[in-house]
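Single-letter residue listing:
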Amino acid sequence: MRLPRVKPEHAPHRSGDGTVRLGGALYGIASEIADADGWAWTALGLMDGTRPPAEIAAELRACYPVLTCEEAEGIVATLLSSGHVEDAAPEPCPELTEREKERHSRTRDYFRWVDLTPRDHGWEPQVRIKNARVVVLGLGGTGSHVAWTLAAAGVGRLHLVDPDVVELSNLNRQILYTEPDVGRLKAEVALDRLRQVNSEIGITAEAAAVDGPGRLARLIDGFDVLALCADRPRGPSGIQTWANRVCAEAGIPWVSGGYNGPLVSVGVFGPGGPCYECVRAGIPPCPGADYAWPGVTGASAGLSGHLVAHDVLALVTGVMSTPPGYFHGVMLLDPDGHVYARYPSRPDCDICS
Amino acid sequence: MSNTPAPEAQQERKPRKGIVVRRLDKAGPTAWAPSQGNSN
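The listed protein sequences correspond, in order, to chains P and L. Position one of the first sequence corresponds to residue 1 (our numbering), numbered consecutively onward. Position one of the second sequence corresponds to residue 1 (our numbering), numbered consecutively onward.
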């Protein structure tokens with residue numbers, strides 16, 4: 001890191017006992033340092049983007065002669081690796097145009113905030129998003145929100161797949177369609193709409209049904225992530241299981257989301273974690289569980305889609321706190337009921353063991 | 001002849017001074033607070 005600077009969203013605060021808080025109040029991001037002697041507070045004050053690490057360590061030692069050179073350098077190194085500091089030196093990023101930088105400036109700010117991995121420059125997550133190739137299978141309640149979010153985020157290559165036409169009853173939740181679109185193919189309308197959202201990315205679409213794992217395998221060939229937003233065929237031998245197997249074979253992660261009334265849940269699976277079938281096998285059977293009921297609002301469908309899109313972006317940027325292999329979600333009738341399920345690989349699983 | 005340092009030498013070796021960054025997790029009572037300045 002050339003010119004360390006504390007990230008603005010992580011500005012330090014000091015309490016009466018000398019404890020330094022960085023990153024505000026967001027758990028998973030914020031940190032505390034017991035700093036009765038003031039070493040961290042002083043070093044952080046020197047990290048204003050105007051001096052290199054060696055100079056910061058030298059000034060820290062000048063303030064505290066009790067520290068050796070090695071100790072001062074160690075304190076600086078600890079802070080540089082903490083995730084609270086960025087490089088204020090000019091960011092050479094030829095991979096993005098100036099227009100793209102303006103468009104995605106808020107995304108950059110977001111990842112600067114939540115990404116605790118020290119980077120060469122702050123645009124790295126956006127470059128990864130631009131280089132990503134994602135298939136969105138299904139353009140209904142979940143998939144329409146996924147497709148919009150990924151296009152808006154600047155995913156460089158999107159392929160949209162859905163066999164259906166727009167129906168009036170879709171318009172309570174499917175964000176890409178309007179009344180004049182009723183009767184038109186969703187794939188065609190989605191393509192038109194998303195090209196208006198972001199003309200700088202590559203988007204293709206096809207009105208096709210996926211009728212088996214072979215078709216799905218061909219669909220994901222050459223892509224980095226599958227966003228599975230289709231729910232047919234259902235059941236233990238259905239499309240989720242196809243996705244589990246063909247994505248494992250291709251070595252790519254996949255994300256799937258949906259809603260069971262007020263329960264919105266998303267699964268994130270991929271190399272290095274327990275597969276869908278293993279996690280699913282760990283969930284106790286629940287009589288009456290059925291995802292086939294049609295009740296849904298724009299809010300529940302939107303949550304489903306945006307959680308899927310969030311996880312796709314987490315996978316392509318690498319900014320994620322939990323490795324793949326879990327379900328998570330929201331129970332809208334229970335504000336305290338965030339859903340999370342992760343179970344280990346079964347010893348005899350030929351996919352993930 | 002033993003290579004073990006004398007007790008006096010062990011006492012003279014001072015621990016290296018430094019800091020520990022402790023990430024807050026959700027178990028802490030002050031680890032989360034709703035913002036009064038949410039953005040829209």
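Just so you know, the hints here were simulated from the structure itself, not pulled from any lab data. Virtual Cβ for every residue (Gly too), placed ideally from N, Cα, C. Wrong hints could be hidden among the right ones.
[Claimed, not checked] As a list, the in silico EDC-like pairs of lysine to aspartate or glutamate whose alpha-carbon atoms are at most 16 Å apart:
1. P/Lys-7 x P/Asp-109
2. L/Lys-17 x P/Asp-120
3. L/Lys-26 x P/Glu-91
4. L/Lys-17 x P/Asp-115
5. P/Lys-7 x P/Glu-98
6. L/Lys-14 x P/Glu-32
7. P/Lys-7 x P/Asp-115
8. P/Lys-7 x P/Asp-87
9. L/Lys-14 x P/Glu-59
10. P/Lys-7 x P/Glu-100
11. P/Lys-101 x P/Glu-124
12. P/Lys-7 x P/Glu-59
13. L/Lys-26 x P/Glu-167
14. P/Lys-101 x P/Glu-32
15. P/Lys-101 x P/Glu-91
16. L/Lys-17 x P/Glu-70
17. L/Lys-17 x P/Glu-71
[Claimed, not checked] Taking CB as the label site, the calculated pair distances span:
18. L/Asp-25 x P/Pro-271: 22 to 30 Å
19. L/Arg-23 x P/Glu-206: 43 to 51 Å
20. P/Pro-118 x L/Lys-17: 35 to 43 Å
Structure-based check of all given hints:
no.	hint	verdict
1	P/Lys-7 x P/Asp-109	10 Å, holds
2	L/Lys-17 x P/Asp-120	29 Å, violated
3	L/Lys-26 x P/Glu-91	34 Å, violated
4	L/Lys-17 x P/Asp-115	28 Å, violated
5	P/Lys-7 x P/Glu-98	22 Å, violated
6	L/Lys-14 x P/Glu-32	25 Å, violated
7	P/Lys-7 x P/Asp-115	11 Å, holds
8	P/Lys-7 x P/Asp-87	9 Å, holds
9	L/Lys-14 x P/Glu-59	23 Å, violated
10	P/Lys-7 x P/Glu-100	22 Å, violated
11	P/Lys-101 x P/Glu-124	12 Å, holds
12	P/Lys-7 x P/Glu-59	20 Å, violated
13	L/Lys-26 x P/Glu-167	44 Å, violated
14	P/Lys-101 x P/Glu-32	33 Å, violated
15	P/Lys-101 x P/Glu-91	11 Å, holds
16	L/Lys-17 x P/Glu-70	9 Å, holds
17	L/Lys-17 x P/Glu-71	6 Å, holds
18	L/Asp-25 x P/Pro-271: 22 to 30 Å	27 Å, holds
19	L/Arg-23 x P/Glu-206: 43 to 51 Å	45 Å, holds
20	P/Pro-118 x L/Lys-17: 35 to 43 Å	23 Å, violated
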